[in-house]
Amino acid sequence: MHNRRRNLLKAAGIAAAALAAGLLKPVAALAAAWNKEAFSAKNPGDALKSLGAAGAEASGAIVIDAPQIAENGAVVPIEITSNVPGTTSIAVLIDKNPFPLAGKFDFMEGAMPFVKLNVKMGETSEVRALAMAGGRNYVATKEIKVTIGGCGG
Amino acid sequence: MAAGPMKMRATLGAGYTDVRVLMSHPMETGQRKMPDGQLVPLHFIQSVTVKVNGKTVVEGQISQAISRNPVFSFRVRGGAKGDRIEVAWLDNKGETNSTEATIA
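Protein sequence lines, in the order shown, are assigned to chains L and A. Using my numbering, you'd call the opening residue of the first sequence number 379 and step up by one each time. Using my numbering, you'd call the opening residue of the second sequence number 39 and step up by one each time.
Derived from the structure by calculation, the hints contain no laboratory data. In this text, all values refer to a predicted model and were calculated from it rather than measured experimentally. Ideal Cβ positions, reconstructed from N, Cα and C, are used throughout, including at glycine. Errors might be hidden in some of the hints.
[To be verified] Footprint (simulated), chain L over chain A, 3 or more residues, beta carbon under 8 Å:
{"hint": "1", "region": "87-93"}
{"hint": "2", "region": "96-103"}
{"hint": "3", "region": "107-120"}
[To be verified] Each computed DSS-like pair below joins lysine-lysine, with the alpha-carbon atoms no more than 27 Å apart:
{"hint": "4", "chain 1": "L", "residue 1": "Lys474", "chain 2": "A", "residue 2": "Lys71"}
{"hint": "5", "chain 1": "A", "residue 1": "Lys45", "chain 2": "A", "residue 2": "Lys93"}
{"hint": "6", "chain 1": "A", "residue 1": "Lys45", "chain 2": "L", "residue 2": "Lys494"}
{"hint": "7", "chain 1": "A", "residue 1": "Lys89", "chain 2": "L", "residue 2": "Lys414"}
{"hint": "8", "chain 1": "L", "residue 1": "Lys427", "chain 2": "L", "residue 2": "Lys494"}
{"hint": "9", "chain 1": "L", "residue 1": "Lys414", "chain 2": "A", "residue 2": "Lys131"}
{"hint": "10", "chain 1": "A", "residue 1": "Lys131", "chain 2": "A", "residue 2": "Lys89"}
{"hint": "11", "chain 1": "L", "residue 1": "Lys414", "chain 2": "L", "residue 2": "Lys494"}
{"hint": "12", "chain 1": "A", "residue 1": "Lys131", "chain 2": "A", "residue 2": "Lys71"}
{"hint": "13", "chain 1": "A", "residue 1": "Lys93", "chain 2": "A", "residue 2": "Lys119"}
{"hint": "14", "chain 1": "L", "residue 1": "Lys414", "chain 2": "A", "residue 2": "Lys71"}
{"hint": "15", "chain 1": "L", "residue 1": "Lys414", "chain 2": "L", "residue 2": "Lys474"}
{"hint": "16", "chain 1": "L", "residue 1": "Lys494", "chain 2": "A", "residue 2": "Lys93"}
{"hint": "17", "chain 1": "A", "residue 1": "Lys131", "chain 2": "A", "residue 2": "Lys93"}
{"hint": "18", "chain 1": "A", "residue 1": "Lys119", "chain 2": "A", "residue 2": "Lys89"}
{"hint": "19", "chain 1": "L", "residue 1": "Lys420", "chain 2": "A", "residue 2": "Lys71"}
{"hint": "20", "chain 1": "A", "residue 1": "Lys119", "chain 2": "A", "residue 2": "Lys45"}
{"hint": "21", "chain 1": "L", "residue 1": "Lys494", "chain 2": "L", "residue 2": "Lys474"}
{"hint": "22", "chain 1": "L", "residue 1": "Lys420", "chain 2": "L", "residue 2": "Lys494"}
{"hint": "23", "chain 1": "L", "residue 1": "Lys474", "chain 2": "L", "residue 2": "Lys420"}
{"hint": "24", "chain 1": "L", "residue 1": "Lys494", "chain 2": "A", "residue 2": "Lys119"}
{"hint": "25", "chain 1": "L", "residue 1": "Lys414", "chain 2": "L", "residue 2": "Lys520"}
{"hint": "26", "chain 1": "L", "residue 1": "Lys420", "chain 2": "A", "residue 2": "Lys131"}
{"hint": "27", "chain 1": "L", "residue 1": "Lys494", "chain 2": "L", "residue 2": "Lys520"}
{"hint": "28", "chain 1": "A", "residue 1": "Lys131", "chain 2": "L", "residue 2": "Lys494"}
{"hint": "29", "chain 1": "A", "residue 1": "Lys71", "chain 2": "A", "residue 2": "Lys119"}
{"hint": "30", "chain 1": "L", "residue 1": "Lys494", "chain 2": "A", "residue 2": "Lys89"}
{"hint": "31", "chain 1": "L", "residue 1": "Lys414", "chain 2": "A", "residue 2": "Lys93"}
{"hint": "32", "chain 1": "A", "residue 1": "Lys71", "chain 2": "L", "residue 2": "Lys523"}
{"hint": "33", "chain 1": "L", "residue 1": "Lys420", "chain 2": "L", "residue 2": "Lys520"}
{"hint": "34", "chain 1": "L", "residue 1": "Lys427", "chain 2": "L", "residue 2": "Lys474"}
{"hint": "35", "chain 1": "L", "residue 1": "Lys474", "chain 2": "L", "residue 2": "Lys523"}
Bound conformation, chain L alone (with noise of 0.2 Å):
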């Protein structure tokens, strides 16, 4: 029991040290980071445009898991699996969202090419999953339908 309560505390230890790195140093990296282009863009041209991805060539090594028809476009559950070798970031695009870009995800030391993640989708709207491989871009594409939009509240 003893044992226990020195490990609890190290424990503890160890998460407020990190909440203190965490807190003061990566905010502003991460803000820097944050593609202000290209969550900007207005349709996914330009989304894709600023991503460096223009000119993405269409792939059925992604993989996109999502219902073909979203009741509640305030939560529509997406996963994205890129097969494509050598994935190292796979960007999410909503077509006909007012920004038609929802995310950019970067995969290093050992993360795999997948995320699953809830968007908004204001109505019913081609969804695109970019995967970027070795300095290729790939992209698929798939509908969903939605009968009551997410963007009104």
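Could you slot chain A onto chain L? The hints should help.
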């Protein structure tokens, strides 16, 4: 209100670790109107970082199009019981939160 609790679960799959994280955040789009007709200001998480044993494995940038109280799943190759997973976020107002868990 923004920096509500986070929940995370890291479980071992077949050759990989599944990290599932929930963040409490309003994720305001800046397009929703309050009853008095004024727009609710834009307020959303911009960056998400996942670390395993202190090493960054996923760096995500997200927009206001992510649903309220975002839930993400990530997968990391390998992993062992006791590995430390840390997830942190930063929003457009400079608020941050983080949580950690060990692989169960």
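Looking back at the numbered hints, which does the structure fail to meet, lowest number first?
-> Those not satisfied come down to hint 29.
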